[in-house]
Amino acid sequence: MKGRLTALVVTALVLPQAAEAHLVVSGMGPLYDGISHFGLSPEDFLPVIAFGLFAGLCGKAQARWSLLAFVPSWIAGGVAAMAGVALAPMSISIVTAAIFLIVGGLLALNRALPPAWSAGVAALLGALRGLADLSGIAASAAHGLALAGMALGGFVLFALAVSITLPLQRLWMIVAARVGGSWLAALGLLLVGWVVRYGPVIH
Amino acid sequence: MRAFLAACLFAWLGFSAAPVCAHEVRPAYLEIDQTGQATYRVIWKLPTMGDMAIHLVPHLSNGWLEQPPADQFVAPGFLVRRWDIRTTPSASLSGQTVAIEGLADTMTDVFVRVRLPRGQQTDAVIRPEQPYFRIDLANGRALGLPTFLLLGIEHILTGPDHLLFVLGLLLIVRDRWSLIKTISAFTLAHSITLAAATFGAIQLPTAMLNASIALSILFLAPEVVRAQRGGTSYTIRHPWVVAFAFGLLHGMGFASGLASLGLERSALLGALVLFNVGVELGQLAFIVLVLALLRSFRLMELRWPRPIAQSPVYVIGILGAYWTFQYGALTFGIGA
Chain C
-9 MKGRLTALVV
1 TALVLPQAAE
11 AHLVVSGMGP
21 LYDGISHFGL
31 SPEDFLPVIA
41 FGLFAGLCGK
51 AQARWSLLAF
61 VPSWIAGGVA
71 AMAGVALAPM
81 SISIVTAAIF
91 LIVGGLLALN
101 RALPPAWSAG
111 VAALLGALRG
121 LADLSGIAAS
131 AAHGLALAGM
141 ALGGFVLFAL
151 AVSITLPLQR
161 LWMIVAARVG
171 GSWLAALGLL
181 LVGWVVRYGP
191 VIH
Chain S
0 MRAFLAACLF
10 AWLGFSAAPV
20 CAHEVRPAYL
30 EIDQTGQATY
40 RVIWKLPTMG
50 DMAIHLVPHL
60 SNGWLEQPPA
70 DQFVAPGFLV
80 RRWDIRTTPS
90 ASLSGQTVAI
100 EGLADTMTDV
110 FVRVRLPRGQ
120 QTDAVIRPEQ
130 PYFRIDLANG
140 RALGLPTFLL
150 LGIEHILTGP
160 DHLLFVLGLL
170 LIVRDRWSLI
180 KTISAFTLAH
190 SITLAAATFG
200 AIQLPTAMLN
210 ASIALSILFL
220 APEVVRAQRG
230 GTSYTIRHPW
240 VVAFAFGLLH
250 GMGFASGLAS
260 LGLERSALLG
270 ALVLFNVGVE
280 LGQLAFIVLV
290 LALLRSFRLM
300 ELRWPRPIAQ
310 SPVYVIGILG
320 AYWTFQYGAL
330 TFGIGA
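So the protein sequences, as listed, match chains C and S.
For the first sequence, position 133 (counting from the first letter as 1) is numbered 123 according to this note's numbering, and the numbering increases by one without interruption.
For the second sequence, position 177 (counting from the first letter as 1) is numbered 176 according to this note's numbering, and the numbering increases by one without interruption.
Simulated from the structure, these hints should not be mistaken for lab results.
Using N, Cα and C, we set each Cβ at its ideal position, and we do this for glycine too.
The hints are all genuine.
Over 10 Å on every C-beta distance to chain C, these chain S residues come out as not near it, computed from the model:
#1 Val41
#2 Ile53
#3 Ala90
#4 Phe218
#5 Leu247
Partial chain C-side listing against chain S, Cβ under 10 Å, derived:
#6 Leu21
#7 Ala51
#8 Val146
#9 Ala149
#10 Ser153
Isolated chain S, as found in the complex (with noise of 0.2 Å):
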């Protein structure tokens, strides 16, 4: 019964993740600066995996950024072009469209913050489903906190590893103390290793970061057989540890959602906090889920044929040994 509701939720975590990758939806970052009367400075920030990158172009309607850029480096974990631009000083941004060709083919967002030299700012987040923004500097205003709420839930919502791997926990915990333990001992871990990671403490190469990621997942796989079949292990008997161990690396990847966004540091605390309670109310709520329909599957006395009862379990073996090969060898070098 619980496998066969794990494979319902494997449906979810699989389908909500095309192409089957392990959490490629860090943003990408947009900022047109004004650094004088007529100068502007524009940086776009490309999220890459080794030297794969989606295929995200940014435009402006005046053709600001049709002409090469200035500079083109590769940052950990990015790919940054910056424009110098030099216009007339009657040129004005308002009114301009940004536009994000290959956008609309992502599952990702774009984050565009536009600045003017009296400390005007205006944010806004550039979604597949309207891949286009007017700039407008009258109205324009920054990035409210709830947006950083909504973007914590929606980072682990879509993020079918770390969906996957409260799954894995959820079918290996016996009991409700046991299930209390070891979310608190995720969520602890995790929190820790967002802030910090967030404010720089710490830093893993986006791609090993993966790995290891998937690693943990490939690595409650055979537990949850184990458990399923009787059996007792370490991470059987003790979860919360493996969850507290586990988590840390997930609030890594956590992490990845809010680096890319260039908040200044006075801002990063306020996002920081909303993002990571976005994260823990996204959790919760696949929690309470997954809980409410099992009560439910128990309820019916539904009982499924043994090999659709069994196969959750080596799908979620699989996916994680194959993102652990997949992030293991961009690691490494292979094939990118």
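For reference, chain C alone in the conformation it holds in the complex (with noise of 0.2 Å):
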């Protein structure tokens, strides 16, 4: 399973293909079309507000980094999937997982990173999710406002979902908080299974 898994995440990495995944259309014009996908994407929205969570529970220091590292690096993610390095249906699908995981299994252990830890994560987070959002849409849909849209979309629930556990520190919410990202890692490991049996789950 372990060299099948392996031959199928690289097999993904080095043939790319065009993903034909398209933005939400809200009716109010593509700035809101990419707030719109932001937030009704499961993909984008769970592990976004998981971090934010995680970050806020980290503390402050952590949360400002954290906030001001992902947006940049989401955008950066994005305009590297509209400069080529596009991921593929697959590819996507394993980043999507793992980051399920990642995010997911920080938030259930709830261990304070050290700021930098905690800027870099977001980092990575924001890089990966701007390719695989960026890679997942058409070339013809890649409307500057809409991924402006998206940006913002993503930083206000990044700042949003810190707000909810930082000032708070109470043992249900501790408690909430951990036991949803116990299950945003459990969506992971499950994905991660869909992936390695039926193919990508994000065309």
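Make the complex out of the two chains shown on their own, each in a separate frame, by following the hints.
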């Protein structure tokens, strides 16, 4: 199985294919299409909320640096995808599963990271999500305003998630956040199983 | 910190209106009215600003609108075209497709109303992402009231001028009580003029109205700077007065979203109430989002470099000035 998984990962990364996802149509212009896309795509909003909650649990400095690292790296990832480093559907599925696992795991474990590490994980999360998001959108739909909307949506969602856990370190809230993290990690595991058995989840 | 938030919101507001214009998203209106067994009257109302109009051309798949209109005239804020169609009694509208050329390149909508002699009516909203509509008289129905609620929400969220003004107010107010008074005053004021303008009691030329709204944004910019520097003024001490005064203008701007729909007086009240509720919901959502983000930034103790922190208010001022000159020029017929 391990060999097969490795082969799948390598194949997916080496053989990029055109992904044919599309933006959500909000009816209110491309900026809102981008915001809606971020707000209505679980592969986007779940890890961002989870990592925002985790950063809030870690403390002010971690939350601050993570927020500042997330959006620029998301944009960088998106630009890289538009410049031709686009991921194939299989790669996007694997990246999504890995992000669910890592971010969900971090939140479930609730071990505070140093600010630099926290910012590093946020940057990685942003870059991978930006890469995956822009790889999944047909080039014709990659409107600049939609991309700005997606980045803005991510920024707002992250900031709001931080503000949930940062001020109130009550036990029930920490437990609830950690349970949520464990579910996200479990979802990541399920995704891995699905990808190995049936192929890419995101087309 | 507040200023950075304003920068983010500014990006949102600025980006949501491309090309830069202060809220020219009034819908166009197409009415197809069967006046006899084999006669139809088609009315096309295209929103205009001074002598300028966005490029929208209606087409009907049976070719009726390809002939020159029987009449064409300019009404306040609109270019109106009328076709009088004479056809055969067997000709039916059902199954025909209305397509709007140029709509896909805009962020406005087109309201379509088809009326038959027996009181049968079909309404539809054609949007840029699907700039056509197939007429189905068997299953057609009048525009539901929830549509007006959504129209109200859409009208304020896609209107950078209104949101910029609300943002300016939020940057000036200093405490919760002042915030509640200011937002309530703005809401009350724009509700009054929204109703009055929708029922035709008051009216301002569109360009002059937009110039005045732009001026309200321009007016707020230096007040925000003054407030951020710890200064004081009548506006800073009593922002609710300014909110009320300029809110009267903004309400007339909101009314433009309803005015073009050609609604009967009997249907107007329900539409007006829901449209206004939609506007309030959109405004409330915006305010809650701003306050939630401010709280988040405060909790994280985010401090931004001065140039970043100061830039939004200057950009708000620049946009306010740009729109003021743009619509001022249109008001006086300069460069139109």
